[in-house]
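**Student:** Sequence:
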Amino acid sequence: MIVYGVAVLSACLILGMVIGQGLGALLGVDANVGGVGIAMLMLVLVSNSSRFKSLTGGTAGLGIQFWSAMYIPIVIAMAARQNVAAATEGGMLALVAGVAAVLVSFALVPVIARIGRDDSAAAPSNPEPGAS
Numbered sequence: 114m115i116v117y118g119v120a121v122l123s124a125c126l127i128l129g130m131v132i133g134q135g136l137g138a139l140l141g142v143d144a145n146v147g148g149v150g151i152a153m154l155m156l157v158l159v160s161n162s163s164r165f166k167s168l169t170g171g172t173a174g175l176g177i178q179f180w181s182a183m184y185i186p187i188v189i190a191m192a193a194r195q196n197v198a199a200a201t202e203g204g205m206l207a208l209v210a211g212v213a214a215v216l217v218s219f220a221l222v223p224v225i226a227r228i229g230r231d232d233s234a235a236a237p238s239n240p241e242p243g244a245s
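Per the working numbering, the very first residue in the sequence shown carries number 114; after that it's consecutive.
It is worth saying that the hints were derived from the structure and are not from the lab. None of the values given here were measured: they were computed from a predicted structure. Note that beta-carbon positions come from the ideal geometry of N, C-alpha and C, so glycine has one too. One should not assume that every hint holds.
Stated by the list, open to error - Here are the simulated distance ranges between beta carbons: (1) G141 / T172: 38 to 48 Å; (2) M183 / S218: 22 to 32 Å; (3) L140 / N161: 26 to 36 Å; (4) L216 / G150: 22 to 32 Å; (5) L139 / I228: 33 to 43 Å; (6) R230 / F165: 37 to 47 Å; (7) S163 / L216: 39 to 49 Å; (8) S123 / V224: 37 to 47 Å; (9) V119 / L216: 31 to 41 Å; (10) A220 / T172: 38 to 48 Å; (11) I185 / A120: 15 to 25 Å.
Given only the sequences and the hints, what does the whole structure look like? Please build it.
**Tutor:** Below, the structure is given as structure tokens:
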């Protein structure tokens, strides 16, 4: 049932927020430091853990899978919106830095794609005559 997915998601979120607030207080920052990311990692670990197999099996597992799949895009969209709002309030330098980072990332996509390519498998091997 989807209700179990919501329950696991809420427990992970609350625990992640508490840990994030604790990290912020420990670092002397008046903010939540990584609480949403911690909650996301906990949700992934709980939904894939063997300890919670009884909870994640059957129709309950479908609810947990649904909310696990929905959580990451929603959190990324929320974080992106906050970053854009902070950048517009931060002035022109913040906007220029953000645009530059995106352009450099786009330019590096072909470079990174070439790193993972295995050229030796694509080229036919020609053994030398007489080699055994």
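**Student:** Each of the hints needs a verdict: does it hold here or not?
**Tutor:** Each hint, compared with the structure:
For G141 paired with T172, a C-beta distance near 46 Å keeps the hint of 38 to 48 Å intact. For M183 and S218, the hinted distance range of 22 to 32 Å is satisfied, since their beta carbons lie about 25 Å from each other. Hint check: L140 to N161, Cβ distance near 30 Å, so the stated range 26 to 36 Å holds. Take L216 and G150: their Cβ atoms lie about 25 Å apart, and the range 22 to 32 Å holds.
For L139 paired with I228, a C-beta distance near 37 Å keeps the hint of 33 to 43 Å intact. Separation of R230 from F165 is about 39 Å and conforms to the stated range, judged on CB atoms against 37 to 47 Å. Checked against the given bound of 39 to 49 Å, the beta carbons of S163 and L216, roughly 44 Å apart, stay inside it. Judged by the Cβ atoms, the range 37 to 47 Å given for S123 and V224 holds: they are separated by roughly 41 Å.
A hinted range of 31 to 41 Å holds for the C-beta pair V119 and L216, which are about 39 Å apart. For the pair A220 and T172, the beta carbons lie near 46 Å from each other, so the given range of 38 to 48 Å is met. Distance hint for I185 and A120: a CB-CB separation of about 18 Å, consistent with the stated range 15 to 25 Å.
Every hint, counting from the list given before, is met by this structure.
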